[in-house]
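J.: Residues per chain are reported as follows:
There are 2 protein chains.
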Amino acid sequence: MMELGERKAIELIQDILSCASIDVLGMEDDCAAVEFKDEYLLLTTDMISGEAHIPENAAPWQIGWYVVAINLSDIAAMGGEPFGLVVALGLPQNYDVESLKKIVEGMNSCALKFNSSILGGDTKEAEAITISGCALGRVKKSDIMLRKGCKPKDIVAVTGELGLAAAGYYSAKNIFNEEKGIKNLLEVQPRVNEGMALAKTGVVTACMDISDGLASSIYQLGRINGLGFKLVFDQIPISIDANIISEKLQIPIEELALYFGGEYELLFTIDRNDIDEVQKALSKFGTKLTPIGEVVKEKKNTLIKDGVSTFLKNRGYEHFRRKP
Amino acid sequence: MMELGERKAIELIQDILSCASIDVLGMEDDCAAVEFKDEYLLLTTDMISGEAHIPENAAPWQIGWYVVAINLSDIAAMGGEPFGLVVALGLPQNYDVESLKKIVEGMNSCALKFNSSILGGDTKEAEAITISGCALGRVKKSDIMLRKGCKPKDIVAVTGELGLAAAGYYSAKNIFNEEKGIKNLLEVQPRVNEGMALAKTGVVTACMDISDGLASSIYQLGRINGLGFKLVFDQIPISIDANIISEKLQIPIEELALYFGGEYELLFTIDRNDIDEVQKALSKFGTKLTPIGEVVKEKKNTLIKDGVSTFLKNRGYEHFRRKP
Numbered sequence: 000m001m002e003l004g005e006r007k008a009i010e011l012i013q014d015i016l017s018c019a020s021i022d023v024l025g026m027e028d029d030c031a032a033v034e035f036k037d038e039y040l041l042l043t044t045d046m047i048s049g050e051a052h053i054p055e056n057a058a059p060w061q062i063g064w065y066v067v068a069i070n071l072s073d074i075a076a077m078g079g080e081p082f083g084l085v086v087a088l089g090l091p092q093n094y095d096v097e098s099l100k101k102i103v104e105g106m107n108s109c110a111l112k113f114n115s116s117i118l119g120g121d122t123k124e125a126e127a128i129t130i131s132g133c134a135l136g137r138v139k140k141s142d143i144m145l146r147k148g149c150k151p152k153d154i155v156a157v158t159g160e161l162g163l164a165a166a167g168y169y170s171a172k173n174i175f176n177e178e179k180g181i182k183n184l185l186e187v188q189p190r191v192n193e194g195m196a197l198a199k200t201g202v203v204t205a206c207m208d209i210s211d212g213l214a215s216s217i218y219q220l221g222r223i224n225g226l227g228f229k230l231v232f233d234q235i236p237i238s239i240d241a242n243i244i245s246e247k248l249q250i251p252i253e254e255l256a257l258y259f260g261g262e263y264e265l266l267f268t269i270d271r272n273d274i275d276e277v278q279k280a281l282s283k284f285g286t287k288l289t290p291i292g293e294v295v296k297e298k299k300n301t302l303i304k305d306g307v308s309t310f311l312k313n314r315g316y317e318h319f320r321r322k323p
Numbered sequence: 000m001m002e003l004g005e006r007k008a009i010e011l012i013q014d015i016l017s018c019a020s021i022d023v024l025g026m027e028d029d030c031a032a033v034e035f036k037d038e039y040l041l042l043t044t045d046m047i048s049g050e051a052h053i054p055e056n057a058a059p060w061q062i063g064w065y066v067v068a069i070n071l072s073d074i075a076a077m078g079g080e081p082f083g084l085v086v087a088l089g090l091p092q093n094y095d096v097e098s099l100k101k102i103v104e105g106m107n108s109c110a111l112k113f114n115s116s117i118l119g120g121d122t123k124e125a126e127a128i129t130i131s132g133c134a135l136g137r138v139k140k141s142d143i144m145l146r147k148g149c150k151p152k153d154i155v156a157v158t159g160e161l162g163l164a165a166a167g168y169y170s171a172k173n174i175f176n177e178e179k180g181i182k183n184l185l186e187v188q189p190r191v192n193e194g195m196a197l198a199k200t201g202v203v204t205a206c207m208d209i210s211d212g213l214a215s216s217i218y219q220l221g222r223i224n225g226l227g228f229k230l231v232f233d234q235i236p237i238s239i240d241a242n243i244i245s246e247k248l249q250i251p252i253e254e255l256a257l258y259f260g261g262e263y264e265l266l267f268t269i270d271r272n273d274i275d276e277v278q279k280a281l282s283k284f285g286t287k288l289t290p291i292g293e294v295v296k297e298k299k300n301t302l303i304k305d306g307v308s309t310f311l312k313n314r315g316y317e318h319f320r321r322k323p
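Residue numbers (numbering that gives the first Met the number 0), protein chains in the order written: chain A, 0 to 323; chain B, 0 to 323.
Take these hints with a grain of salt, some might be off.
Copies of the same chain look alike in the list, so a pair counts if it works inside one copy or between any two.
As the list claims (entries may be wrong) - With a cut-off of at most 30 angstroms between alpha-carbon atoms, the simulated DSSO-like pairs for lysine-lysine come out as follows:
1. K7 to K100
2. K36 to K139
3. K112 to K7
4. K140 to K182
5. K199 to K312
6. K36 to K199
7. K140 to K112
8. K7 to K101
9. K100 to K247
Keep in mind the hints are simulated off the structure, nothing from the lab.
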C-alpha cells in the first residue's frame with residue numbers, strides 16, 4: 000500500500016466497483032449522493048484508527064467529537080443537512096469503560112451541535128482503537144454542491160482560517176502547548192451551517208472541504224474540472240497559531256497553510272458577480288469568507304507570492320505515504 | 000471492556016446518546032429507522048477487525064463479501080430494500096494491493112447480488128485490517144418489521160438451517176476441511192429477498208437476524224417484548240455439517256445450533272393463522288421456513304427436548320468476552 004498511496008488506491012477501488020440500478024452522483028465527491036424522490040440522500044464514511052490519527056494524549060471526548068466532525072464535514076461540503084449518524088467502535092479488550100463513555104459523549108455533543116443524532120452503531124473487539132462514522136444527509140436536488148462545475152474566471156474562496164491543524168500538530172509534537180495543539184487538531188468545527196447556506200444561494204459552482212490540505216484540494220478541483228487555479232498567497236487567511244509555530248520552528252508558513260491538511264474549512268468557487276450574495280449568506284454565522292484567487296483556463300496551478308508566480312506543489316496529507 | 004461485555008456496553012452507550020429533532024424507530028433493532036416522507040430509511044453499520052473476526056486463511060474475496068453480507072442482513076431483518084453501502088477500509092501500511100482488489104471484488108459481488116451498490120468509502124492506515132460497512136435501505140412505513148410486536152401464542156419460525164457457522168468455525172479450527180469451514184463462516188447469504196417478502200405480507204409480528212446465535216436472539220426478543228418463548232428442539236432445522244462436527248468433536252449439537260452465533264438467518268414471529276401466507280411468500284426463493292416453537296406469556300425461555308423441558312441458556316457470541 001505504501002508505494003500505491005491513498006489516492007491511487009481509491010482509483011483502483013473505483014475501477015472495480017459497478018453500480019446496481021440506481022442513479023448516483025458524487026463519485027468524485029466525498030459523499031455518495033443517491034436520488035431519492037426530489038432530494039439527494041448523501042452518505043459518507045470516515046474512519047480513524049489508532050496511532051495513525053489519534054495523538055497520544057488526546058482526550059477520549061475529543062476523539063469522539065473528531066470522528067463525528069469529519070463525517071459531518073463531508074455532508075457540509077455538498078450543502079447537505081445531516082440528519083443522522085451510525086458509528087462502529089472497534090476497541091481493545093482491555094479498553095477502559097470510562098473512556099468509552101467520554102468518546103460517546105464527544106460524539107453525541109458534536110452531532111447535537113449540528114442538529115444531528117447518533118442513531119446507532121456497532122461495538123467490536125479490535126487490536127487498536129478504531130472508530131468508523133457514517134453520516135446521512137439530505138439536500139434538495141437543485142441545491143447540491145459538487146466538486147465539478149467551476150469555470151474560468153470564477154473566484155475561489157475559503158471559509159475561516161488555514162494552518163490551524165498543522166500548527167496544532169507541530170505544537171503537540173514539540174510539546175510547546177500540547178493541550179492547545181491537540182485541541183486545534185481534533186476539536187474541528189465542520190462548516191455544516193455554512194455549507195447549507197452556500198448551497199441555498201444556488202450560485203456556488205464547485206465546493207469541497209480541505210481535509211487533505213489546500214494545495215491538494217486545489218489539485219483535485221483542477222483535475223476534476225479540467226482547469227487550473229491561480230492563488231494569491233497574501234490573500235490566504237492564515238491563523239495566528241500557524242504563524243507563531245512557523246517562526247518558532249522555522250517551518251515555512253506555506254508548509255503549514257497549504258500542504259498539511261486536517262482542516263475542515265470549505266473551499267468553493269463562484270462567479271465574481273455573486274460575491275456579495277454569498278458574503279451575506281455566510282455573515283449570519285460570523286464566518287469569514289476570503290477570496291484567495293481565481294480559476295484559469297490553463298491546467299496549471301500557480302501561487303503568487305510577493306509578486307512572483309511559482310508552481311503550487313501537489314502535496315498534502317495522504318494515507319499510507321510516509322508521515323510529514 | 001472484558002468485564003462489561005458487548006451488550007452492557009451498548010446499553011451504556013444508549014444511555015448517553017440523545018436525539019436531535021427527528022423521529023427514530025428501531026433503537027432496539029440493528030438498524031436505525033428514520034422517518035423520511037412515507038418511508039423509513041434504514042441505516043446500519045457493522046465492523047470486522049483483524050484476528051477477532053477474520054480466520055487466518057480466509058481469502059480476501061471472502062472478507063469483502065462477509066462485511067457487506069452482515070450489513071445487508073441488518074437491513075433484511077427489518078424488511079428493507081438495501082440501496083447502497085459505503086465502506087471504510089483500514090489497512091496496514093504493508094498490505095498487499097492484489098488482496099485489496101480481491102476484497103473490493105468480494106464486496107462488490109455481494110452488493111450486486113442483492114441489487115445494491117458500493118457507493119463510496121474511505122481508505123485509511125490502520126494497525127490491523129479493519130473494515131466497516133454501512134448500509135442504507137428503505138422500507139414503506141406500513142411494512143417495517145421490528146423486534147418488538149409479538150404476542151403470546153404467536154408461532155416463532157426461522158429461515159434456512161442453523162449451525163452452519165459453528166460447524167464452519169470448528170471445522171476450520173481443527174483443519175478437518177478448513178476451506179469449507181471458512182466458506183461456511185464467511186460466505187453467508189443475507190436473507191434480503193426473504194426479508195422484503197416477509198415485510199410485504201404485513202403479518203410478521205417481530206423479526207431479527209440471529210447473528211448472535213438463536214438462544215441469545217430469543218432472549219433479546221423476550222426482553223424487548225416482555226414475553227417468553229418455548230422452543231421445541233426437534234423442530235429446529237439443523238445443518239448436516241453441524242451434525243457431522245458435533246459427532247466428530249463430541250460437542251453437543253445444542254452448542255452448535257443454539258449458542259454459537261455468526262448465522263444470518265431470520266428469526267420471526269407470526270400468528271398461527273398466517274403460516275400458509277408466509278410460507279407462500281417465501282416459497283419463490285426456495286427458502287425453507289420452519290416453525291420452531293411459540294411465544295408464551297410467562298417471561299421464561301424453555302427448550303423442549305425428547306419431551307423434557309429445560310431452561311434455554313442465555314448464551315451466545317458476545318464481543319469482548321472470552322472466546323468459545
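J.: Hint by hint, say whether it matches the structure.
T.: Results of checking the hints against the structure:
no., hint, in the structure
1, K7 to K100, "between (37 angstroms within a copy, 12 angstroms between copies)"
2, K36 to K139, "both (10 angstroms within a copy, 14 angstroms between copies)"
3, K112 to K7, "between (35 angstroms within a copy, 27 angstroms between copies)"
4, K140 to K182, "neither (36 angstroms within a copy, 43 angstroms between copies)"
5, K199 to K312, "neither (33 angstroms within a copy, 57 angstroms between copies)"
6, K36 to K199, "both (19 angstroms within a copy, 21 angstroms between copies)"
7, K140 to K112, "both (25 angstroms within a copy, 29 angstroms between copies)"
8, K7 to K101, "between (36 angstroms within a copy, 16 angstroms between copies)"
9, K100 to K247, "neither (37 angstroms within a copy, 45 angstroms between copies)"
The structure does not agree with the numbered hints 4, 5 and 9 stated previously, though it agrees with the rest.
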